[in-house]
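J.: Residue-level listing of the chains:
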Amino acid sequence: MTSSSHQPLSSPLQHNVVLNVRQLPSYGHGSRSSQWWGIMGFCAAEGTGFVLAFGAYFYLVFINGVWPLSSKPPDIYTSTFHTALMLVSLWPNYLTRKYSEREDLRKVRRYLVIMSVLGTALLALRAFEIALLHTKWDHNAYGSIVWLLLGFHTLHLVTDVVDTIILTVLMFTRHGHGRRFNNIGQNSDYWTFVVAAWIPLYVIVYLFPRW
Amino acid sequence: MTHTLAPHDAALDAVPKPTRLLTGQPAGKPGFRSEADAPPNPRELRDDQVDGPELTARLVRTWGTRRGIIGALSTVDHKIIGKRYIITAFIFLFLGGLAAVVMRMQLARPESGLIGPDLYNQLFTMHGTTMMFLFGVPIGEAFAVFLLPLMLGTRNIAFARLNAYSYYVYLFGGAMIWVAFMLNIGPDVGWFAYVPLSGPEFSPGKRVDFWAQMITFTEVAGIAVAVQVVVTFFKMRAPGMTLDRVPLFVWAELVNAFIIIFALPAVVTASVMLIMDRLVGTHFFNPAEGGDALLYQHLFWFFGHPEVYIIFIPATGWVSAIVVTFSRRQAFGYIPLVLSMIATGFLSFGLWVHHMFTTGLPQLGASFFTASSMLIAIPNGIQIFCWIATLWDGRPVFRTPLLFVMGFFFIFVAGGLSGIMLASVPIDAQVHDTMFVVAHFHYVLIGGNVFPLLGAVYYWFPKFTGRMMSERLGKWHFWLAFIGFNITFFPMHISGLMGMPRRVYTYLPEMGWGNLNLISTLGGVMLFGSFVLFLVNVLVSARRGAVAGPNPWDAGTLEWAASSPPLPQNFDRIPVVTNREPLWAHRNTLPVAAGLSVENREVIISTATSGRADLKESSPEPSIWPFLAAIATTITFIGSIFTPWAIVWGGLPTMITLVGWFWPKGNKEDEA
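In order, the protein sequences belong to chains A and B.
If you use the working numbering, the first sequence corresponds to residues -1 to 209, in order.
If you use the working numbering, the second sequence corresponds to residues 112 to 783, in order.
Derived by calculation from the structure, the hints in this document are not laboratory data.
You can trust all of the hints, since none of them are fake.
In silico lysine-lysine, BS3-like type, Cα no more than 30 Å apart, as pairs:
{"no.": "1", "chain 1": "B", "residue 1": "K140", "chain 2": "A", "residue 2": "K96"}
{"no.": "2", "chain 1": "A", "residue 1": "K134", "chain 2": "A", "residue 2": "K70"}
{"no.": "3", "chain 1": "B", "residue 1": "K140", "chain 2": "A", "residue 2": "K105"}
{"no.": "4", "chain 1": "A", "residue 1": "K105", "chain 2": "B", "residue 2": "K776"}
{"no.": "5", "chain 1": "B", "residue 1": "K194", "chain 2": "B", "residue 2": "K776"}
{"no.": "6", "chain 1": "B", "residue 1": "K128", "chain 2": "B", "residue 2": "K140"}
{"no.": "7", "chain 1": "B", "residue 1": "K194", "chain 2": "B", "residue 2": "K586"}
{"no.": "8", "chain 1": "B", "residue 1": "K140", "chain 2": "B", "residue 2": "K776"}
{"no.": "9", "chain 1": "A", "residue 1": "K96", "chain 2": "B", "residue 2": "K776"}
{"no.": "10", "chain 1": "B", "residue 1": "K317", "chain 2": "A", "residue 2": "K134"}
Please build the complete structure, drawing on both the sequences and the hints.
T.: Structure (structure tokens):
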């Protein structure tokens, strides 16, 4: 720096140790861990995707006036059962998270198995649900947006169910300890997001056309 | 050193008691034991036990990247990946620029037969697409990948393997569309690919499908890095770095990351709907079956307007960093600057309809969006005034980086003024789709992004490479670029007002646009020459430039405490921060935290606002899996252009690579 009396530094600065972090925990649960923030970031992005798709749905409703276009609304019984089961799953999901924070391996294994079974059942139900939509993606714009919404959510469902099953297997191996418990907590938080995204979707796709 | 710290600042810079820098909270819930609280392994060497060159050498071994091709593809070092990101984005800038040069040659005289309409359509589409998606979004993130961990005083970016994956996905997506262009299947429907032109009826073939899938690639990469930036910002700051001590550049990258997280899903939704309309017969944009073409425009511009700020906001960060360092004083109006960036971020989501003024919107809607378009000038104005005040009160040193910032002020403000004109519906309706708009947004985008970027390259080049760029060539570069730019784009205001439309491959001599276009082309040649000079400067300086040392500009932020180029571990010990400009506050010795492992990759995780050290998490080891996952993803995405079943059969290998990526490998890092 020509106008400065101070010479640019050419060697590294000396260290003055003012703090020791040796005793800090090697991971933390919930929002203390960096992974939790990452999951929230992806939930924000994907949540925006859901909100925009809902917006597109109502835009098409507004453009068309008549809704649903030339088909009857999708079957309500399977989807209501599906929704109920999703809500029920929140309880074992909560317990999985709770016991993962307590690092109770036996209970975590138990609830992970329950969540894997529930998730698989929900995926099977989803297949029936899609079969009972009473429309196809290429029928008209109504069919297109309904399939888009269901498809987008099913992608989330598959992702989290697969993730849950992998974590369940993992917890039965020698890796099932330590910061894996934290991963389980995050997986539970993501499941909560998958359920939370479903509720408005259920209202929009299944109840709204019946109003 | 001419910047002055008020006397009371000395007391503020005193290092607080450790209790204020640590949370001291165990990981176990009350009443329950956690493995995380186990005392550290006494046999594991920690940095409070070694010092000096031995500490440096051991950390290099722990954090280094292995040699060889597998090592290079497995690296998770944010500096290596950041450098690749920056270089790749620059290559796309040059490719996009070359497309522009060819277009300017074609337009230099009326009825030119240099290239035909089909190639011209592909060229302007590739130019816009490349500049917006392959250069504009990634370049800001690329700088974040390299600089954020250094400026925040940590050793790697959050989710380092995702970072590697994101780079490969970006690279493959960008390469895909340019290869498609070389094979004469480049998109030819404009960078925004409006329906119905881009729909199945008017654009048969695969050109638009490549465009839509390129969006998917770049958006996956873009959102991934945005999440990494947010997490690095909130959880990986050095102890003591409270929110009001975060460098302005880092704030800019945070706001940018949030805009990306909320804006990019819109363009993904639009491009997914488009590709489904084209490939599986959905009817989102088909009015005959209840769809609507304007839905596409709404979704596209809900992304497209924030996109302008995705390009601009990182540049404000570069400007802030350069202005502060070369004014030799702290930023004037730090808090207004931060709040202006956040306000700009929010407002950027309320403007999208001003791109659609000629689509026949309700009057009230148009008025609302005129008002909001003018409103965003306020926070941007505040920023400009704060920078001017900083320079005014400081003792500016006019080195090349600051020259480019000066160029930015002039060009960006001129672009802002024509922007205020365009915000008004009657003017917009008149000059819509003319060269006037082309002039406006090149003033805003080149002025608002490229000039600060070039300044940023001159500024951080010593950190990237350890060598200084030539100051003499730098000044030539600046003046050539500044004059060349204005000669190219100023006449377009006039040719636009004279009625010359955008996106026409030629025009008749009697229109009277010939001279103005010839001037624009001559300016374009000059601008091109300035970039050649820049490239020469970069290549020569990287080999033969003066050796820089850690802090050649005598700057105040933490990246300048690391060596140039930084060693794999960035810092031998993690700094403890007591001031917004830590290196100005502590000139001789750096307060640091000790106690991290020397043998394993550990980073400090701190609390989101007060920056207290909370955990010592492990940071990922190098892995080949992110590269393999990116290959599997690429096969899936490209395959899906040809058959929707690719999602199914491509999904399986993608899943396998992801499991390989996350499955614990049994090394200490994974079991800690």
